[in-house]
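J.: Here is what each chain is made of, one letter per residue.
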Amino acid sequence: MISQFFVLSQRGDNIVFRDYRGEVAKGSAEIFFRKVKFWKEDGQEEAPPVFNVDGVNYFHVKVVGLLFVATTRVNVSPSLVLELLQRIARVIKDYLGVLSEDSLRKNFVLVYEMLDEVIDFGYVQTTSTEVLKSYVFNEPIVVDAARLQPLGPAAIFMQGTKRMPGTAVTKSVVANEPGGRKREEIFVDIIEKISVTFSSSGYILTSEIDGTIQMKSYLSGNPEIRLALNEDLSIGRGGGTIYDYRSSSGSGAVILDDCNFHESVRLDSFDMDRTLSLVPPDGEFPVMNYRMTQEFKPPFRINCLIEEAGQLKAEVIIKVRAEFPSNITANTIAVQMPLPKYTTRASFELEPGAVGQRTDFKEANKKLEWGLKKIVGGSEHTLRAKLTFSQESHANLTKEAGPVSMTFTIPMYNVSRLQVKYLQIAKKSSSYNPYRWVRYVTQANSYVARI
Amino acid sequence: MAPPAQSQRSPSPSQPSGKSEVSDLKLQLRQLAGSRAPGVDDSKRELFKKVISYMTIGIDVSSLFGEMVMCSATSDIVLKKMCYLYVGNYAKVNPDLALLTINFLQRDCRDEDPMIRGLALRSLCSLRVANLVEYLVGPLGSGLKDSNSYVRMVAVMGVLKLYHISASTCIDADFPSILKHLMLHDSDTQVVANCLSALQEIWSAEASTSEEASREREALISKPFIYYLLNRIKEFCEWAQCLVLELVTKYVPSDSSEIFDIMNLLEDRLQHANGAVVLATIRVFLQLTLSMTDVHQQVYERIKAPLLTLVSSGSPEQSYAVLSHLHLLVMRAPYVFSSDYKHFYCQYNEPSYVKRLKLEMLTAVANESNTYEIVTELCEYAANVDIPIARESIRAVGKIALQQYDVNAIVDRLLQFLEMEKDYVTAEALVLVKDLLRKYPQWSHDCIAVVGNISSKNVQEPKAKAALIWMLGEYSQDMQDAPYVLESLVENWDEEHSAEVRLHLLTAMMKCFFKRPPETQSALGAALAAGIADFHQDVHDRALFYYRILRYNVSVAERVVNPPKQAVSVFADTQSSEIKDRIFDEFNSLSVLYQKPSYMFTDKEHRGPLEFADELGNLSIGEAANNVVPTQMVEENDKDLLLTTSEKEETKGSRNNGSAYSVPYDGSSTSVFASQTQIESAVSNPTLAGHSPQASFAIDDLLGLGIPAAPAVLSPPQLKLNTKAALDPSTFQQKWRQLPVALSQEISVSPQGVAALTAPQALLRHMQSHSIHCIASGGQSPNFKFFFFAQKFEESSNYLVECVINTSSAKAQVKIKADDQNTSQDFSTLFESALSKFGTS
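Keeping their order, the protein sequence lines are chains A and B.
Quick note on full-length UniProt numbering: the first sequence kicks off at 1 and runs consecutively.
Quick note on full-length UniProt numbering: the second sequence kicks off at 1 and runs consecutively.
These aren't lab readings, by the way, just hints derived from the structure by calculation.
Note that the structure is a prediction, hence the values are computed from the model and not measured.
It cannot be assumed that every hint is accurate.
Stated by the list, open to error - Short derived list, chain B residues pointing at chain A, Cβ under 10 Å:
| no. | residue |
| --- | --- |
| 1 | ARG45 |
| 2 | LYS81 |
| 3 | MET157 |
| 4 | GLY275 |
| 5 | GLU350 |
| 6 | LEU402 |
Glycine residues also receive a C-beta, built at the ideal position from the N, C-alpha and C atoms.
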C-alpha cells in the first residue's frame, strides 16, 4: 500500500502532493529530492528508481522531466508501484492531452480529483480512464501543443526514455474540440524500437526489436474492434537457441520470441487467424507488446575509421548508409562518438552540397556529434573530422575512442514486417465510418557500431 | 501542517511566501461566503484553487479553515471536492474546527446522488480526528449497505480508516464481520478486493490479542475462499488481481493435482501487459512448486520469456524492477539462463542501475560454452566512457575468471588491461590479478612479468596499491627489483595516507625479508621503525608484533607471517544461503531490489498484512538481526588481503550460526564454551602465546573468526531412525514451510562420492540404506539438489533435509529442519556420517 503520492518538477517543487495514510512525515518530498539529486558525489550516477531512507521506501519514475513519486513503509511489490506511477502519468496525459509541467500546473485540481479516485487509503482502486471519467468533474484546461517548447532543460531527465513522444495525438479524451462535436477516430500505432550492435568488422553481434501496438480510441459508444495481424505470425521459438539466425532466415515468417496483451484483448480466434478482438477503453494503451530476436535487415550500416595523421593529429571518417527503400525517409538522425580524452579540437568536413546537417565537438565530454535532418532510403552520407590532440597517444586509438551510436526515427517503416492487415470496427450503422489511422514507426533504442 | 522547506528556498515570484496572501484570501472568502450572486461559484472555484495550490507548495493555509467551511455550502461538485481535500488535510491540526464540517458531511452522506454520498463518506473518514469517531459509525453502517457499489467501495475503506483512528470503535460496531459478509457476497469485485485489503490489515493487527481474529486470518487462506477468489480472478481489475495472487502464495495445496490446477488456471496471467500481475503470478508458480524439483525447473523455463519481454517493453524504471527479479532467478539457476546471455548485454543508453544488474547476471550465467563471448563483450565495456561501469566490467571479468572457466584466455585479457594505460583500468586489474594469483598460483610466472613493469608511482588507489604491494611481497623471489621497489615505498612512508596500504607494506617487507634477507634487512628496519611510530593503532600494533616476533625467533616469525599457502578454492560468498533463501521467499517485494530480507529494512509493524506464515521465523530473527549487522561489518573489513580463505569461510560459517533463524543447539554452544576456556587458558598463560597452536586458535576466535570445534571423532549417535518412514510430498512441503531451519552446514563429499554422483540415483539408494529417504531431487552437474526426510524410530518426529551438492567443489550445503529441535544435532551427525560414506562402501 502507498503512503503518499507526489509529483515534483525538475527543480524539486511540489506540483501535486497527496498524503493517503499519514504514516510518512511531511518533509518526505524534500528528503527524496535531495537524495535523487545528490545520489553520488560525482553526480555521475543516477539514483535507482527505488531506495530506502530511514525506513521509508521511495519509488519514482521520470516522465517528461517530471518526477512521479510514491512513498511507503511497507514491503510492497516494486513492479506494482512503478507500474502504477507510470499508469497515473498516462491517465493524466489522457485527460490533459499533453503531459508537461505547464499542463500539470494548470490542471492540478483535476489531478487531485483523479488521485482521490485512483488510490484510497493507499490501495489502488482503478487506473482506467474510462472508469475515472464518471468521477472526475473538472474540465481540463488544454495546453496548446503547438506552443509547447521543445523539452529544453527537461531533456536532462530524459535519459534512456523508451516512451516515444508525439506518436499518438495530443488530444484529451474528454475535452471537446473547439468546433463542438468530437471527431470519431481511432489510432493504431505500431512502434518498434530496435537495438543493434555491430562488431568492428560490421558483423551483427546482437539485435532485438521491442515492439508495441499502441491504440488510442476516440470512438463513442465503445464499439468492438477486430485487429488482424500477419497470418504467418508465430510466437515462441521452439527449440534451438534464440540467436540461431540461420534457422529462421529465408522462411519469410514473422516469429516473435514472446508477447503480452492488454487486459481488454480477447484471444479467442488468435490461434486460428491471428486476429485480436477488443473493446478499446478510452485513452492510450498498449494492445500488445512483443519482442523479437529474429534476424532483420538493419536500416543503417555504419562504417567508422579512426587513424593517426601525423604528430598529435588523427582523422575520423564516419559513413552512414541507409539500407531501406528510397520512398522511405528517416528523420532526426543523430550520430555520436566519444573521442580520445586528450582531444582538444575537431574540425569537420561534410560532403559537398550537404543540407540540414550539423556537426559539433562537445569539449566537456569529448564527444563528436553529427546531426542530420533526414536521410532518404538508399543514400549514403560521410563525415570527416580532423582531430588535434594535446598529448602523444601511446595506445591503440580504437581503444580510446568510440563506439559510434546512432538515434533515428523512420516513419512508415517497420523492420519486423509485423502488420495490421485490417482494422474492423463493429458497425453501428451503414453511415458510421470513423477515421482509422494505422501508422508504423521504427526508432533506434541502442544502435551501436564498435570500432 | 508545518510549513515545508519550500518556503526556506529563495521565493520565486510565482510562489508567494505566505502571510499577506493568506489574509487576503481570507477576506475574499468571507465576502463570497454568504453571497448568492450569479457566478459566485466560479469565483469561489478560483479562490479555492489558490488555497489548494498554496497548500500543495507547503504554505500553511490552515487559518482559513472557518472560511473554507462557510463557503462549502454549495451544490457545485468541483467546489465540494476541493473543500473536502482541504478539510482532509487540515482537520487533524484543527480538531475543534473539524467539528464544523461534520454537519455538512453527514448531510451529504444522505444525498440522493451516490457520487456525493461516496465522496462525503470518504472525506468524513479521512478527517483523522479521534474524538469525532462517534459521528462515523452511523454513516459507515449505512454506506456498507448502500445500493450503489461506489458508496460500498468507499465505505469499506472507511471502515479501515476508522480502525486506524479507533480500533475499539470499529470492532465494537462489528464492522469486520460485516466486511466479511460483503467479501463473500458482494457482486462488485472492487468491493470484494477492498474488503480483503481491509480485513487483512485489521485481522493481522488483532491477531496478537484475539484468537478469533487469528482464526479468521487463517481462514483467508483456506481452500474454499482461495478457490472463490481464483475462480473470479479475471473479473477483478489488474491491481486487485495482484492482491488475490499475493494471497494465493500463502495457500498450501493438498496435493500435486491441485497445484497443477491452480497453475493451469493462472497460466494466461503470464501474458498480461501489467508487469505487477506477471510477477505476482510467477511468485505463485515458484512457491507452489518449491518441493517439486522437476516442475520447479520447468517453471523457470516457462517464465523466462515473459520476464524478458517485460524488461524490454516498459520504462527503464520498470525494467529495473523486473531485472532485479530476473537477477535473483539467474543467481539461483544460472544454467537455465546461460543460453540467453545476450539479453544481459548492456545497451549504451541504459541507466547505470540497469547496467550494474546486467553485469552481475553476465558473471552468473558464464559457463564453459559462453565464457569467451561474455568476456569479449565485457572487455568492450572496460573502455567505456562511463567509468563506474567500466570498473564494474573489469571486476566482472575477474569474477568469471575465478569461476574456473577458460582461465587461460581471461588471464591474457586481464594482462592486456594492465597495459591499457588508463589509471582506473590498471587499478581494477591489479586487484583482480592479485585475487587470481591466490586461486591459481600457477599463473604467477606470466602475471608477475607484467606486474613487474608497472611503476608503483602510477598506482594511486589504495586497493590497487595494496594489491601491488601484496604481489611484490608474495613473489619477491621472482621479481628482480621487488626489494628496491618496496624500499622506495618505505622511504615515502609519510606520504602514504592509507593505513591499509601501510599494513600491507609491513607484511610485504617481512615476506621479502624472509626470501631475500641481505637486500631487505635495512629497509625492513626502516619500515618497522616507521610502523612503530605510526599514529594508526593497527599499523603500530602490527609493526610492534613483527618486531617482537622477529626478536623472538626468525624462523617462527616466518612460519607465522609467511606460511606455505594453499590456493584458495572458492572465495566466500558475500551472502549466506539462508539470507538468499529468505529473499527468494519474499519474491516480488522490495527485498529483491535491496537484496536484503525485509526484517533488515522495515519496522515490525510495517511488515505487511499477511506475514503471519513467517512469524515463527521472525521471532528468532528479531534477535538475529542484531547479530547480522555487526557480522556483515566484519565481512566488509574482511576484504583484507591477508585473510586466507579458510578463515573467510569460517567467518561465513559463524555468520550462518548468528543469522540463521538461530535456534540454539548443543553443538554450537559447546564450541563457544570450548573456545572460551581456551581464551582463558591463553590469558592465564601468557608465555604460551606464540607457541601453542591451541592458544593461537583461541586468539583467532577472539577476533570473531569463530572456528568451530572440530568434530574430530564422531561419537556414535544414539538417534535411531525408522527404516520404513513415510511422508507424503504435500506434508513435507507444508512442514518445510513452517519449520525454521534448525541447522545448516557444509559437508565435504569424498572424491569417490563425487564420482558416484554421475548417477544421482545411487545416492538415493545409499541414503535409504541409512533410513534417510529422498522425496524430491533434481539438478544437473555440477549442482544437484535433494530433499530428504527421516523419522525417529517409534516416534512420529520428522527430520527434513535440503541438500545441495556441488560436485566441482565437492561440498554439500545441508539444511535441516526438525519437529524436535533438540535432536537435530544428533540427526545432523548421523546424516553427515551417512553422506560421507557415500561412494566408499
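J.: For each hint, tell me whether it holds in the structure or not.
T.: Hints and how they fare:
A hinted interface residue such as ARG45(B) counts as satisfied when its beta carbon comes closer than 10 Å to some beta carbon of chain A; here the least separation is about 8 Å, so the hint holds. Interface restraint check: LYS81(B) against chain A, minimum CB-CB distance 6 Å, threshold 10 Å, status holds. Nearest Cβ of chain A to the Cβ of MET157(B): about 5 Å, under the 10 Å cut. The hint holds. Hint on GLY275(B) holds. Least Cβ distance to chain A is approximately 5 Å, under the 10 Å limit.
A hinted interface residue such as GLU350(B) counts as satisfied when its beta carbon comes closer than 10 Å to some beta carbon of chain A; here the least separation is about 6 Å, so the hint holds. The interface hint given for LEU402(B) is violated, since its Cβ lies 25 Å from the closest Cβ of chain A, which is over the 10 Å cut-off.
Comparing the model with each earlier hint shows a violation of hint 6 alone; every other hint is respected.
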